[in-house]
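2 protein chains.
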Amino acid sequence: MTTIYDIAKKANVSPMTVSRVVNNSGKISEKTREKVEKIIEELNYIPNNAARSLTLKQSKILSLVITDITNPFYTKVARGAEDKAKQMGYRLLLSNSDESFEKESEYVDMLISSGVDGVLIAPSGDESQKNLKTLIKNRIPFVLIDRHVKGIDCDLVMGDSYQGTRQLLEHLIGQGHSKIALINGPTNVSTAREREKAYFEVLRLAGIEADKKLAANISYMQNDSYKFVKNLISLPESKRPTAIFAANNFIAINTIKSLRQLNVRVPEDIAVVCFDDPDPIPDFNPFLTIAAQPAYNFGYMGIQLLIERIEGNGPAEKQKVILPPEIIIRSSSLKK
Amino acid sequence: MTTIYDIAKKANVSPMTVSRVVNNSGKISEKTREKVEKIIEELNYIPNNAARSLTLKQSKILSLVITDITNPFYTKVARGAEDKAKQMGYRLLLSNSDESFEKESEYVDMLISSGVDGVLIAPSGDESQKNLKTLIKNRIPFVLIDRHVKGIDCDLVMGDSYQGTRQLLEHLIGQGHSKIALINGPTNVSTAREREKAYFEVLRLAGIEADKKLAANISYMQNDSYKFVKNLISLPESKRPTAIFAANNFIAINTIKSLRQLNVRVPEDIAVVCFDDPDPIPDFNPFLTIAAQPAYNFGYMGIQLLIERIEGNGPAEKQKVILPPEIIIRSSSLKK
DNA sequence: GATTTTCTAGTTACCGATAACACTAAACTA
DNA sequence: TAGTTTAGTGTTATCGGTAACTAGAAAATC
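Protein chains in written order, with this note's numbering: chain A, 61 to 396; chain W, 61 to 396.
Check the hints yourself; a few may be wrong.
[Claimed, not checked] Incomplete in silico selection of chain A near chain W, CB under 8 Å:
hint	residue
1	Leu103
2	Pro107
3	Asn108
4	Asn109
5	Ala111
6	Thr130
7	Met218
8	Ile313
9	Lys317
10	Asn345
Rather than coming from a laboratory, the hints here were simulated on the basis of the structure. Idealized CB from N, CA, C, for every residue including glycine.
Given only the sequences and the hints, what does the whole structure look like? Please build it.
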């Protein structure tokens, strides 16, 4: 690897001069600059970031921690985050926690050790508090996306679970449904809690008596809706739901798969709605009725807040950005 | 940030001793080890990787460069790569070239500068040769996935474009199709070239005279199949294709969207097949007939080869791993 | 008991870059 | 003309960690 010293020797200047040329700092005579630049070119010099971040205490690397890289929602988040990071001269280190607190912890340690300048993180759940506190202790700025964490006050970019839930449920109610089941994520995740709360509240406001047996929490990862779905459809007709509100795209898909296995048709027998598109390309199979969140912007805005925090030109108080969902009504919830 | 010196002072030992405890190297008395470990715990010490990689000349960071992070194919590659990397004690820096040589170049420079130990890369095209040569010059091991590059001999993990194409086409021919169009990626990408070659060869072997006007190359990113599709269906009946072989998942989806816009039904009027599943979760919308490549394994094996190369315990000659596709026949190519 | 070996721990130098300061010669000021 | 700026460049120390060497004390050997 070519170093600043190799350049210096060949150009007959001091390493410091080379550094100044590379960083465009300090006064350099035009003659020296040209001479040095020619040799930099010639020797294919690429600065060593490890050395740089050792003195500068900054790496220009940010980290994005998401919980599922195969989920198009996070994939779009990543794309947005990457675009913004690149635009601002930062790189992105992508980590995937798989909804696991342990994996997340390992990554957080790794990130600190790598000297990232900041972290944009979709926390695995409320236990993540511990990991976030580790970040705080190491004075690494972070921004939460999609989910907040109990007991942590920080910048965040989130969706509006209440509005999304309300719109989805009102749509279902408008379609004549009154027995609506909820298949939700685990309660240690803020969005799941909020969607649950909204679910009961919206039903109440609509004058529908909610049946607690119609609501379940399942893991995002195992995503084992089958048993619960089977229970639902084996309820007596008078209790059996005619619609299912799935908390996210993958739960919805899995639920529909379960329904199909049980020979239940969607939407004829049971309507299904959820948050976020399961398709990487929207409108290819315009089937699911969804509350679509602006995932790209989650990433984009998140990185923006993060960089503001890092560079210290943001407001003192924490910023909470709430991005509203857009409801897209498609055939999974429409009577023919 | 806590350093080895903080620990050393508090434990009343030399920094070197702390280093030895942290790395489990050299002889340390049980007593000292315990003392030091306690303080490490207490002070929440996390090693500084920049410093480490400066002396060790290795970072334990690998990079995965893919061309489209929103494509489920690459998402699965990433998952596989990540799993293997983690298992081997490495981290993954994910970069997204968006099929652009320029973006790829920027990333390659960044990676070298970051001191990654190795790169797993799906090259944007044949021009990537230049970037790969930069890697070689900087003595950074790399492995190609999915695509090879003219003039570069290195380890690689690829699919079998010939077999996949053959099986897809034979299936179509078996369904009675003889006018089969090809909507392919750009010719500077090896897989596109190979699929094109296979397409003409298989048709020839089947005794079908290929019509060059039925084959087109479009960009993976713009993905503007509409014009070509419109041309196709406005051909006189005797020339008009009854099936389309799309080179990849996104082209296929886009093609189907175009067909729908033009009121052409799939598969009734035109059958469509392609490489790779467009769905992150297979079998949710079991619609497209595909040659499914083991994307997860592309990543997993790729990282394995890469680490072998880095750690120098692989065979001297370059390894070429070819992973065969599995053809999955679904409704997009089946007559009712 | 003297010598060698083995443990355990410390010292020094260096990785590549840069901040902070030092220095020289030319340009400017009074 | 002497004194002061200023432009351009060099020197030194440092970031945090580790390799390579050194050194003292205990254990083993003869």
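Here's how the hints hold up against the structure:
no. : hint   : verdict
1   : Leu103 : violated, 10 Å
2   : Pro107 : holds, 6 Å
3   : Asn108 : holds, 7 Å
4   : Asn109 : holds, 5 Å
5   : Ala111 : holds, 6 Å
6   : Thr130 : holds, 5 Å
7   : Met218 : violated, 22 Å
8   : Ile313 : holds, 5 Å
9   : Lys317 : holds, 6 Å
10  : Asn345 : holds, 5 Å
Hint check: violations occur at hints 1 and 7; the rest are consistent with the structure.
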